[in-house]
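Novice: If you count by the numbering used here, then the sequence shown holds residues 763 to 1476, one letter each, in order.
Only true hints are included.
Derived Cβ-Cβ restraints for the label pairs, each shown as a range:
1. Asp-1397 to Gly-1165: 35 to 43 Å
2. Val-1110 to Ser-777: 33 to 41 Å
3. Gly-1410 to Asp-901: 42 to 50 Å
4. His-1023 to Ile-1115: 47 to 55 Å
5. Val-1232 to Asp-1263: 29 to 37 Å
6. Pro-1466 to Glu-1024: 39 to 47 Å
Below, in silico cross-link-like pairs of lysine-lysine (BS3-like), each with a Cα-Cα straight-line distance of 30 Å or less:
7. Lys-1121 to Lys-1051
8. Lys-1102 to Lys-1280
9. Lys-1409 to Lys-1398
10. Lys-1033 to Lys-1007
11. Lys-1121 to Lys-1256
12. Lys-771 to Lys-1054
13. Lys-1019 to Lys-1409
14. Lys-1355 to Lys-1389
Honestly, the hints are just simulated from the structure, not real lab data. By construction, the Cβ of each residue, glycine as well, lies at the ideal position given by its N, Cα and C atoms.
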Amino acid sequence: MEEMEEELKCPVCGSFYREPIILPCSHNLCQACARNILVQTPESESPQSRRASGSGVSDYDYLDLDKMSLYSEADSGYGSYGGFASAPTTPCQKSPNGVRVFPPAMPPPPTHLSPALAPVPRNSCITCPQCHRSLILDDRGLRGFPKNRVLEGVIDRYQQSKAAALKCQLCEKAPKEATVMCEQCDVFYCDPCRLRCHPPRGPLAKHRLVPPAQGRVSRRLSPRKVSTCTDHELENHSMYCVQCKMPVCYQCLEEGKHSSHEVKALGAMWKLHKSQLSQALNGLSDRAKEAKEFLVQLRTMVQQIQENSVEFEACLVAQCDALIDALNRRKAQLLARVNKEHEHKLKVVRDQISHCTVKLRQTTGLMEYCLEVIKENDPSGFLQISDALIRRVHLTEDQWGKGTLTPRMTTDFDLSLDNSPLLQSIHQLDFVQVKASSPVPATPILQLEECCTHNNSATLSWKQPPLSTVAADGYILELDDGSGGQFREVYVGKETMCTVDGLHFNSTYNARVKAFNKTGVSPYSKTLVLQTSEGCNFETQSASYSQLVDIKKLLAVAWFAFDPGSAHSDIIFSNDNLTVTCSSYDDRVVLGKTGFSKGVHYWELTIDRYDNHPDPAFGVARIDVMKDMMLGKDDKAWAITEGGITKGATIGVLLDLNRKTLTFFVNNEQQGPIAFENVEGLFFPAVSLNRNVQVTLHTGLPVPDFYSSRASIA
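From just these sequences and the hints, can you work out the full model?
Specialist: Rendered as structure tokens:
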């Protein structure tokens, strides 16, 4: 259990957690440490003051996460707290665990209350020292965070298992070893203190004295406090909210924000999440077992390298001694080469041993911690951390992926001394490669019949020559930038087919591939020229309207769907990712799967459901747009909000990257002349909506005729 100790220590103070609380990001902090790293934000920069001043920030700019606003900042190592423009930049410090900690901007006011009850300054902000996500505290302060009673129980068991002989609790100086424990007093006594402080007479005669070990067990099995609701402190958790993934009380269901959410029995969800965590641990356990066997293999390799090195040096010395004085001058240089190869192999293997050992220790610690958590009998406490633990277990298992348990170095010394040349050639002696059975692989052949482009994606396929006898360990696919620039690697692996997405429309790319193995790299294949789809490009100066329509019919149009990979987790997909809605009342953003940087593109969205007058937004955005607020609220999106639309309405979006304009249509009627100008770069179709809206995407549409006519006249 020693490897689990890192899981039980606070990232701020480096000691075992004391009264740990759970942040919304699933990380833990001591309650006292959380108060120590609070930062008071300027009044003018708080979300409340922004909304009050009417500075253009709406309710969509903030996530309602347990009544606290959640901010994400870049992991720069400095506590600048993105968005607090007037707050001084404060360098971070490092805790005993090596985690960066953001110190408070000012010392907290003196108080005689406990950290949980002491008042929190107005607009206080806390930043998680592990993921660096910042949160604005509400009026409840630190009491708004649930306590991690499961973690407290695990720490208690861990400290009890590490403790030596139990000591008397009443000895004034050096505590003696305890001989009994009183179950009623809950105190450990040595013999002198028991006779002095707990005589077997009067009311104390009825007390039950047990051996210390038995008392430790009874303490461990004593019932813990039942977790209470953070919103209703007098109520115990009784149900589990499936949508919010948290335990709730009956008041939350009747009058709180969970009243319309799906709920399930607390005990059933407790058993389900325990089962899921156990299943996840089975896979991680197999990986840990493989890692242990791999470490044994690496340690054996160290011994084999040592033995092979000794044998190789002895052979080399024998050959050099046979060449008498002329070889002595060269012998030292050759030995240096061998020793260098020897050290290189040892360094590579030892580095891999060190890396694998650290990863295995972390994995084992996580496993032991999870096993201890599974032993807990507190359903609500367990469910507060089970989702995060399941994700961590799966993430850790993925880290033991392909290639992790493969040696990076062989044990053989692929060198041999050729002593056949004459004595006059001694000064030209050098090591030669002797493994002629391992040449570089043959040049791959591109299979032209299987290579193609679709929209702004390209698929390439290749194979080894039919008569090739040298196996390839993998392949390297390279593409240029579409403008005749330098080649860059886009794929490295064992597969013989690859699809590259995100290319520019109406661009010409050059592609080539080469094979590699442990010996080296093959020559490049022949270069293949690929042309991506043109989109809808209009020549506006020399074509008449009738000619322009004919040309438009011949040009390619883009077919695409919504992208689940980049969408917010609350977005719900259906109809082959062409229809979307949301599970949250807050606006969430979803992007199209295809990005545009050239040409003219048009798509439409139909309103399938429109309840309670929501405000969906339609437009385009860059790939790094904020996904948790209304589209257009940051500088990465361009959109319109049509509050007057109804069910069945059709929204058209026309992106003309030739003229750098963005135009919108509602039911085939253009909304104003041009919505946005000077639109330049790579853009993705985008929509923001909440659970009251459902839309369906229609692509592969031609540009409206009246716009074509206007473009030809312009």
